[in-house]
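2 protein chains.
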Amino acid sequence: MIETQQNKNENRNQNRQNHRSKRRNHPPKHKDKLKVIPIGGLGEIGKNMTVFEYKDEMIIVDCGLKFPDDEMYGIDIVLPDFSYIVENADKLKGLFITHGHEDHIGGIVYLVKKLGITVPIYATKFTMGLIDKKLVEHRLTTKVDRQIVKAGDRVQKGSFEVEFIRVNHSIADSVALYIKTPAATVLHTGDFKIDYHPIDGEIMDLQRIAKLGSQGIDLLMADSTNVEEAGFTPSESSVGATFYNLFRGCKNRIIITTFASNVHRVQQIIDAAASYKRKVIINGRSMENMVEVASDLGYLKIPKNILIDIKDMKSYKDSELVIITTGSQGEPMAALGRMAHGEHRFLNIKKEDTVIISASPVPGNEKMVSEVINKLVDLGSEVVYKKFADIHVSGHARQEELKLVQTLVKPKFFLPVHGEARMLVHHAALAEGVGTDKRNIFIAENGSIVEVDHRSCKITGKVQAEPVLVDGLGVGDIGNIVLNDRKRLSEDGLFIVVVTMHKGKAISGPDIISRGFVYVRESEELINTARDEVKKALLACEEKGVVDWSSIKNEIRESLFRYLYSQTNRKPMILPILMEV
Amino acid sequence: MIETQQNKNENRNQNRQNHRSKRRNHPPKHKDKLKVIPIGGLGEIGKNMTVFEYKDEMIIVDCGLKFPDDEMYGIDIVLPDFSYIVENADKLKGLFITHGHEDHIGGIVYLVKKLGITVPIYATKFTMGLIDKKLVEHRLTTKVDRQIVKAGDRVQKGSFEVEFIRVNHSIADSVALYIKTPAATVLHTGDFKIDYHPIDGEIMDLQRIAKLGSQGIDLLMADSTNVEEAGFTPSESSVGATFYNLFRGCKNRIIITTFASNVHRVQQIIDAAASYKRKVIINGRSMENMVEVASDLGYLKIPKNILIDIKDMKSYKDSELVIITTGSQGEPMAALGRMAHGEHRFLNIKKEDTVIISASPVPGNEKMVSEVINKLVDLGSEVVYKKFADIHVSGHARQEELKLVQTLVKPKFFLPVHGEARMLVHHAALAEGVGTDKRNIFIAENGSIVEVDHRSCKITGKVQAEPVLVDGLGVGDIGNIVLNDRKRLSEDGLFIVVVTMHKGKAISGPDIISRGFVYVRESEELINTARDEVKKALLACEEKGVVDWSSIKNEIRESLFRYLYSQTNRKPMILPILMEV
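Protein chains in written order, with the numbering used here: chain L, 1 to 581; chain P, 1 to 581.
Chain L extracted, bound-state conformation (with noise of 0.2 Å):
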């Protein structure tokens, strides 16, 4: 079309309505606000999810897993409550991955399962591989639409803009996400340190961040974990330098254990074991898979002829060894567990060996860890672990980074994310110590709905967002009610008390088992007063009449609580159980 003057004129009045309608149709009204609901990660450690909603479409960030408490008897895993997108499937315009740890992907095919529609996932590479491995296991690999991006990419999902930011992460390829929606733009950082010497060269796009920022960003959410940490995590490249600090001059087998989504830590390890002569043996079945999954996708580089199999170990001298391998906090049945115990198939743990714990502890695996480490100084090991030397470093930012984020980004309201409470509290500080309003700064919880637009931020109301308990095949079949039991039974044990009744009379037994309450050979006379004491109990029902079955229950219960608690001090679990013939 050519260009005419009339056209000009027109093209200048609609460019002006459009203005005019843009500039009426903001701030949008309430129903166009876009909500942020954090399903999962806040308040805790793990199980991270949130989902993002305007209008009628939804997208989702991460669908992760969290591992059981103490508490938690007999659970397996941990999953966030899928209820709300369930309910609001038809809106689901697809699933956005920050990175590959199983608190942001763990979830997933739990979720696809319960969807039952095809999901899009949008992930990068490296991430992508671990997610399908999972589909591959669980035969989901037909129920997604895998959409594979990198940093720098844009994506258009309805009135959803997704951009990926390059971030560092103690795994490969994450990413924070840009969203952008007409109702407002949020920057969720996901997993992230910033590393000025990362092992891929790609430092976090600080660059990037600071552009969007400068052009305003309406909510931040940012990872907390490491909040309550002065100062700036170090780089990977740090523990690079320690390694080769250990195998210089070591004339030891060389055992290292660290987490097997670190790839990076992987990398060094091997560049280390080349630079000093030594194979390397790849251990344990999750360190096999990731080598797999990051040699195969191009993020570890593995020099030719260097990989030995842990078969052909002994045609190597000790110096000439490097061991990679799973265990790293302290789990007995991972392969460094197994060496401790004396149990590994093909290693047994000597005088002449270095065992290297590139790790920490996750919270509550402290005694674990501790207890592996004694057992491999018990047979003889020499043992290097965080306290002695620099061989580990976190994946997240702490209070310096933190800083520099809100600082880059200045958003006009925060949301701290992935954290216990005491974290998300001191992350709301330090955002208002750098200058963010108090009033801007939210701290919400798992379910909150928090309605945000350019202008204004609330929290509005709550979703079901309660933990979701894997024990087995069954998901969330697992409640309180199933939990005390095996807490009481994991405490005093059992008592059962088995007697047949015939026309209200007892005519057999009573009979006793107890498991995980007293050692029953040496507790005969226990036992034989026990039975005695039930008989009274049966014999006190029928002089009073008594002949409904739970009211003879009771007195069986309450009359052996009497006489165990009184012997014992004990209260196991008492199952009286009445058979009529």
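Fair warning: there could be bad hints in the mix.
Chain L stretches covered by chain P per the calculated footprint, using a threshold of three residues with CB under 8 Å from any CB of chain P [said to hold, decoys possible]:
#1 473 to 484
#2 493 to 504
#3 514 to 522
#4 571 to 577
The hints are simulated quantities; they were obtained by calculation from the structure and are not laboratory data.
Because the structure is a prediction, the values reported are computed rather than measured.
Each residue gets a CB set at the ideal place from its N, CA and C atoms; glycine is no exception.
We have chain L already, so just place chain P on it with the hints.
Leaving out everything else, chain P in the frame of chain L:
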């Protein structure tokens, strides 16, 4: 007698003979060596106890308890193994206690009960005060011969001379022991640190230790708890300075928790409260007990009229109150835990509260402490904990202090004690680093018999020294079978099947009862099908002519296991019960 020349000559001869015979007797023959047998506290933190045996005489140093590991389901406490002491009870000359912490005195009442003889106990005044509380509670006051000593005292019991030497520690009135026998001299540090500004003004008696060292100490036994920490543990008084800083200008109600036994810490809180004109409430059973004992015995100086009852709290402004309370380890049932969970009888946490946690989590308690902090933050209070303020110092010597003691003592032989395996090894390396010959350092374990005299030291054997588990009234009656059952029950619960039999045929049932396995109300189908599976198994037995009960039970167990595992991936404990009528 008038001393004549003849007499003089005789005396001289006598002296010479004595002298000769002394020399002839040195070194003593093998049977005259001093046996040092650590019964607890090696390869672990807790239940400290050491036997010293010379010829037919024996003394014991400390008799502590330990708190159970996570895997010790339902166990209340763990004791040292008293078998060797019971076997040699006739040799026992006395029990010598270094200080009043539970891991040094908590086993005494159990030992006294077990021995059934009157045991002489030597302890300083405050330590004895704490022992007395326990003796009264267990009605054992008549079973012991209490001997109160003070630092500087020497006690001769048979061939043993024991000297009490002032040390600093996180409880008042702590001592090290210098033990002199004809065979060898030993310095046992007990738990200690070096505090140049102790609250009671009594600095560890380094002069005396140096003097004994210069006279020659054969064996040094020293506390390894903090050997992994570089530097010098700060003075207890440094914490007081922090309290003043926190109190100054504070308008909030102040709630402080610390270890009840740390009387000097409590003193500093009271002093700070007095300075800022605040009243003090003592809350929590163990805190109330400890303050009572400590002030009765003069170890705590409480200004007049400063203590008030918690029920009178409402008569004071927030800025006029300090509450000293229990629960520094995050124990949910202790006072602070109940406050955090909104279950305290007299105190509700509010925004205008400053809660100070003047303690570090004991290893294993990290998560419980975090949980309490998070709850308190959730309730809006300001929580001050170690990460953000210098409000706790350890009671144990760090590396520089340990080196100083090595240097003052210059022992012939060294036995690191009170520590997990890795700590003992690090302590050995530390001693070697300051000049002790590696061959003269011994890493022993609980039960090791260390034989020492002026010239030699070696580990010659082992006595029984397994941990003894206490559950309720039962001491040592819980073994691996019971613990394994509790563990299994805690993981997947329990599934009971009861069938009444008559002449080899099932005539009633199968009845099914499950606990801690599935939520029964939502699992009717599962339970019904399980019942069918049992019926099938019974039928199969009948058809195959299987009549013996153990085979029938096995069939039931196996078919149920298969079915339940296939449906749930869980492995409950399956208990088939057959009743004959």
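Each hint, compared with the structure:
For a cut-off of 8 Å, the count of residues in the stretch 473 to 484 of chain L with a CB near a CB of chain P stands at 8, and the three-residue condition holds. Residues of the stretch 493 to 504 of chain L with a Cβ under 8 Å from some Cβ of chain P number 6, which satisfies the need for three, so the listed coverage holds. Residues of the stretch 514 to 522 of chain L with a Cβ under 8 Å from some Cβ of chain P number 6, which satisfies the need for three, so the listed coverage holds. For the stretch 571 to 577 of chain L, the stated coverage by chain P is satisfied: 3 residues place a CB nearer than 8 Å to a CB of that chain, which reaches the threshold of 3.
The structure meets every hint from the earlier list without exception.
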